[in-house]
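K.L.:
The primary structure of each chain is shown beneath.
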Amino acid sequence: MKMIIAIVQDEDSQRVIATLMNEGYSVTKLATTGGFLRVGNTTMMIGVDDEKLDGALAIIENVCKSRKQIATSPSPVAGITGMYVPYPIEVTVGGATVFVLNVDQFKKM
Amino acid sequence: MKMIIAIVQDEDSQRVIATLMNEGYSVTKLATTGGFLRVGNTTMMIGVDDEKLDGALAIIENVCKSRKQIATSPSPVAGITGMYVPYPIEVTVGGATVFVLNVDQFKKM
Amino acid sequence: MKMIIAIVQDEDSQRVIATLMNEGYSVTKLATTGGFLRVGNTTMMIGVDDEKLDGALAIIENVCKSRKQIATSPSPVAGITGMYVPYPIEVTVGGATVFVLNVDQFKKM
Ligand code: NI
Ligand code: NI
Ligand code: NI
Chain A
20 MKMIIAIVQD EDSQRVIATL MNEGYSVTKL ATTGGFLRVG NTTMMIGVDD EKLDGALAII
80 ENVCKSRKQI ATSPSPVAGI TGMYVPYPIE VTVGGATVFV LNVDQFKKM
Chain B
20 MKMIIAIVQD EDSQRVIATL MNEGYSVTKL ATTGGFLRVG NTTMMIGVDD EKLDGALAII
80 ENVCKSRKQI ATSPSPVAGI TGMYVPYPIE VTVGGATVFV LNVDQFKKM
Chain C
20 MKMIIAIVQD EDSQRVIATL MNEGYSVTKL ATTGGFLRVG NTTMMIGVDD EKLDGALAII
80 ENVCKSRKQI ATSPSPVAGI TGMYVPYPIE VTVGGATVFV LNVDQFKKM
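Residue numbers (our numbering), protein chains in the order written: chain A, 20 to 128; chain B, 20 to 128; chain C, 20 to 128.
These aren't lab readings, by the way, just hints derived from the structure by calculation. Since the model is a prediction, treat every value here as computed from it, not as a measurement. Hints are not guaranteed to be accurate.
Intra- or inter-copy, both count: the list cannot distinguish identical chains.
Unchecked claim - Cross-link-like lysine to aspartate or glutamate pairs, in silico, EDC-like; alpha carbons within 16 Å at most:
hint	residue 1	residue 2
1	K87	E30
2	K127	D73
3	K126	D73
4	K21	D123
5	K126	E80
6	K127	E80
7	K21	E70
8	K87	D31
9	K21	D73
10	K84	D31
11	K84	D29
For reference, chain A alone in the conformation it holds in the complex:
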């Protein structure tokens, strides 16, 4: 038995939790901090049998991994024509930090 502790972006959290639960994983979501720190992050605990660990990690990576997105520039800049035009910029979104811990005992009561 392993315990996965995963810290993901809030915007990915609902999708990764729904996907894990659909695949039969049991997920406990810990409340995010209200403070200045790590606003926008969600911490999840997932208990898994050893043979299901890789499946859970694959789901987390698939949904949450850091990726680039094209966004429109937040404020338009002057183009060479002298007109203000928006332009595409690349931003990095998502990302997950994952710890796997050994579980010494596991009990359902």
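Use these hints to put chains B and C with the ligands onto chain A, whose structure you have.
P.N.:
Then chains B and C with the ligands, alone, in the frame of chain A:
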């Protein structure tokens, strides 16, 4: 030293925490999620000396274990006499999911 | 890799988190409980490379360790002159409970 991480029903959480603390265990309650998931659950962390582990697990099992209760049916149904009568139904309440982790170092500062 | 789980006083938490982050540690603050229990405590998770463990523990001890402070008595008492005078009392503040867990796998995605 071990760390117990126990996920219990909210309705059992005050009683199990009070019982553990009366017996000298140190309990940290993690905030439950505000979201759609696991509403009604409380997650607790309990650090215990190895020789007190079984005592803590026995308290959690005793207070929180899944059990059947008789409840009155939520909406009355028509009996054979044609009158609406409430009837008893059996529901399962409580339950706990418990992980025990090995602690590599423990410090009180 | 190790995971530090540290329970500190709220009044020390901002300072210890800021100090840890300035030194390059990655800290996740878990929401404190809203309940009767452990009001005033903050739980933090810190993932550290083995060789940086002692540095993190030293920061936590330095900022959070239990210490005595001189406070003014909350209500004045009668001095030998018969007048009510405040007097200094020694109170204990701070303190931290720290668990170090072994991390089986660590992934940044
Ligand atoms: Ni195992
Ligand atoms: Ni031990
Ligand atoms: Ni290691």
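K.L.:
Each hint should be assessed against the structure and marked as holding or not.
P.N.:
Each hint, compared with the structure:
no. : hint        : verdict
1   : K87 to E30  : within (15 Å within a copy, 39 Å between copies)
2   : K127 to D73 : between (22 Å within a copy, 15 Å between copies)
3   : K126 to D73 : between (22 Å within a copy, 12 Å between copies)
4   : K21 to D123 : both (9 Å within a copy, 9 Å between copies)
5   : K126 to E80 : between (28 Å within a copy, 10 Å between copies)
6   : K127 to E80 : between (28 Å within a copy, 9 Å between copies)
7   : K21 to E70  : within (10 Å within a copy, 23 Å between copies)
8   : K87 to D31  : within (14 Å within a copy, 37 Å between copies)
9   : K21 to D73  : within (11 Å within a copy, 21 Å between copies)
10  : K84 to D31  : within (9 Å within a copy, 33 Å between copies)
11  : K84 to D29  : within (13 Å within a copy, 33 Å between copies)
Checked against the numbered hints above, the structure violates none of them.
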